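Residue 4 is where the sequence shown starts when you use the numbering used here, and the numbers rise one by one after that.
The set of hints was computed from the structure by calculation and includes no laboratory data.
No experiment lies behind these values; they were computed from the predicted model shown.
Warning: the hint list may mix true and false statements.
List of simulated lysine to any residue pairs, SDA-like, C-alpha gap at most 25 Å [what the hints assert, rightly or not]:
(1) K74 to V144
(2) K74 to Q49
(3) K74 to D86
(4) K74 to P108
(5) K109 to D130
(6) K74 to G64
(7) K109 to T77
(8) K74 to T48
(9) K74 to P47
(10) K74 to A101
(11) K109 to D72
(12) K109 to S88
(13) K109 to P65
(14) K74 to T137
(15) K74 to R150
(16) K74 to G143
(17) K109 to F120
Computed beta-carbon distance windows for the label pairs [as the list claims (entries may be wrong)]:
(18) D86 to D44: 30 to 36 Å
(19) Q132 to H112: 34 to 40 Å
(20) A155 to G110: 22 to 28 Å
(21) G84 to E52: 16 to 22 Å
Built from N, CA and C at the ideal position, the CB exists for glycine as well.
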Amino acid sequence: MSRARTLLRVSLISLLVAGCTGAATSPGPSASAPAARGATDFEPTQTNEAGQVTVEVSWDGPAAGAVFDVKLDTHSVDLDGLDLSDAELTNDRGDSLAAVPWEAPKGGHHREGRLAFQGDASTFFADAQWIELTFSGVGGVPERVLRWEVPA
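All chains should be modelled from the sequences, with the hints used to inform the complete structure.
Next comes the structure, spelled out in structure tokens:
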């Protein structure tokens, strides 16, 4: 068998293996197109590592209401002056809730606390497919958006 044919066969086999492997993977929770309601596993914790600050947010689902546990971590900026009360919570219908003042003790480079939103949470979550929590200006990043699929 010629060297060219061997190379062609190896290339074809590599493409087939790569194609089969790629078809078995699924996008993570940050994929742009949301899956059908109830089709994905609920991921309670979302993380954004952009800029100088890592933002980790946990939400326990609609039963917990519009309350989120927020952790901020950095080794380069002081987080004590940061206020997350300008955060916004929106759903796929375009409804939004405004944050109340963030309950978080000062901690320098590591800070965590509860972020709650005012409004009718039961109406906000009713029949929602997904929600997005948007932070502005945290760690020099103009906007951070974290998305959760709302469990059925």
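Taking the hints in turn, this is what the structure says about them:
{"no.": "1", "hint": "K74 to V144", "verdict": "holds (16 Å)"}
{"no.": "2", "hint": "K74 to Q49", "verdict": "holds (11 Å)"}
{"no.": "3", "hint": "K74 to D86", "verdict": "holds (13 Å)"}
{"no.": "4", "hint": "K74 to P108", "verdict": "holds (11 Å)"}
{"no.": "5", "hint": "K109 to D130", "verdict": "violated (37 Å)"}
{"no.": "6", "hint": "K74 to G64", "verdict": "holds (18 Å)"}
{"no.": "7", "hint": "K109 to T77", "verdict": "holds (13 Å)"}
{"no.": "8", "hint": "K74 to T48", "verdict": "holds (11 Å)"}
{"no.": "9", "hint": "K74 to P47", "verdict": "holds (14 Å)"}
{"no.": "10", "hint": "K74 to A101", "verdict": "holds (19 Å)"}
{"no.": "11", "hint": "K109 to D72", "verdict": "holds (15 Å)"}
{"no.": "12", "hint": "K109 to S88", "verdict": "holds (15 Å)"}
{"no.": "13", "hint": "K109 to P65", "verdict": "violated (28 Å)"}
{"no.": "14", "hint": "K74 to T137", "verdict": "holds (15 Å)"}
{"no.": "15", "hint": "K74 to R150", "verdict": "holds (16 Å)"}
{"no.": "16", "hint": "K74 to G143", "verdict": "holds (16 Å)"}
{"no.": "17", "hint": "K109 to F120", "verdict": "holds (21 Å)"}
{"no.": "18", "hint": "D86 to D44: 30 to 36 Å", "verdict": "holds (33 Å)"}
{"no.": "19", "hint": "Q132 to H112: 34 to 40 Å", "verdict": "holds (36 Å)"}
{"no.": "20", "hint": "A155 to G110: 22 to 28 Å", "verdict": "violated (37 Å)"}
{"no.": "21", "hint": "G84 to E52: 16 to 22 Å", "verdict": "holds (21 Å)"}
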